[in-house]
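Asks: Read off the chains here:
Protein chains: 2
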Amino acid sequence: MPTYKLTYFNITGLAEPIRYILHQSGIKFEDRRLTFEEWPQYKNDMPLGQVPVLEIDGKPHPQSRAVCRLLARQNNLAGSSNEESYKIDAVVDTIDDLRQAISQYHWEKEPAAKEKLKANVDTKLPFILQKLNDRVKKEGGYFVNGKLSWADLFYTAASEMFSGLLETDVNKDYPELRKLVEKVRSLPNIKAYIETRPKTVF
Amino acid sequence: MPTYKLTYFNITGLAEPIRYILHQSGIKFEDRRLTFEEWPQYKNDMPLGQVPVLEIDGKPHPQSRAVCRLLARQNNLAGSSNEESYKIDAVVDTIDDLRQAISQYHWEKEPAAKEKLKANVDTKLPFILQKLNDRVKKEGGYFVNGKLSWADLFYTAASEMFSGLLETDVNKDYPELRKLVEKVRSLPNIKAYIETRPKTVF
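In the order they appear, the protein sequences are chains F and R.
Here the first sequence is numbered in full-length UniProt numbering, starting from 1 and rising by one per residue.
Here the second sequence is numbered in full-length UniProt numbering, starting from 1 and rising by one per residue.
Don't take each hint at face value.
Put simply, identical chains are the same to the list, so a pair is met inside one copy or across any two.
In silico DSS-like links for lysine-lysine, alpha-carbon gap of 25 angstroms or less [stated by the list, open to error]:
(1) K199 <-> K172
(2) K59 <-> K147
(3) K131 <-> K59
(4) K147 <-> K28
(5) K43 <-> K191
FYI, nobody ran anything at the bench for these hints, they're computed from the structure.
Chain F with its partners taken away, still in its complex shape:
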């Protein structure tokens, strides 16, 4: 069994989908959470100057979605055909488009720019969530082909972050997404992790 060590900050953010996939797959890992004060002294050790980084047997793996996909492949969460894998990837990239819009809005300080980024979120959020909701309905309660995949874990983690950043439950008007997230959060390993994870703002 390889050893796993995940380095990130003490927030959900880009690392939470990795944490969810590791927990769901029953993989033990060191969940290293740096403070923002500690970060400068670690930055240069990271392959791309960024976190999250997952070390597998000491070998650093940057790029969060690529890491998720690797773990998902190794743990039967990445689809069982090329077409299923494609659908999962397309859902994840769509969720990530939304994440970028929300993050940019959240971190922007300059009022006029922030207002423009807010307008972008206000357009994108309902448009994409409706598409995702329709897909879960059509696909039988999960994003792809009626069975759990890393897209479902990714969305659950992402939507918790979106709700935190936007200070509202983003799933509230999307019954299929709400049911999906509840289902994922009730998976025994995920449930146990959620109950014990550090409380963070987002």
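Guided by the hints, dock chain R onto chain F, whose structure is given.
Replies: Chain R alone, transformed into the frame defined by chain F:
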């Protein structure tokens, strides 16, 4: 043999990596290029209101990188182990991080915001290109394990776009990247495509 129809604008942009992978794989496809004037009448037909979209036997496939990965898997350009596939994915996501920084800068109209985005590009561009250059050197002339993958095709297409948007040859100070791009552009199918493709600004 399925039929393929790719819809995008008459630019390289997000579609060119898909076009490169299709051409390299010897797959015939309809390369539909909409004018920006035509776009509003097609937008609502697209699954996510965006292009590129690749129709395979009439079924629409949105999300450019997910489409690239699907085609790459089907045509032996996606690595021959989970670890190789991961490395390819991580390179592609790193290139895409840079694409986003450059695109945001290019399309921003407001001078103060544009200046900030320019500073971001000025930091990211040399940092990422140096990392990518080092990787190609270490990995034997390609991004992963001394053999052609969709990461190499993706970078070649992306760096042409970066050079067009920034009005400079972005590879000029990175000898390994320059050699890689020349090698890809000399592949017979890619060469034939480049010689006959529509001339576009970027």
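Asks: With reference to the structure, classify each hint as holding or not holding.
Replies: For each hint, the structure was consulted:
no.: 1; hint: K199 <-> K172; verdict: within (22 angstroms within a copy, 48 angstroms between copies)
no.: 2; hint: K59 <-> K147; verdict: between (31 angstroms within a copy, 22 angstroms between copies)
no.: 3; hint: K131 <-> K59; verdict: between (38 angstroms within a copy, 17 angstroms between copies)
no.: 4; hint: K147 <-> K28; verdict: within (24 angstroms within a copy, 34 angstroms between copies)
no.: 5; hint: K43 <-> K191; verdict: neither (32 angstroms within a copy, 41 angstroms between copies)
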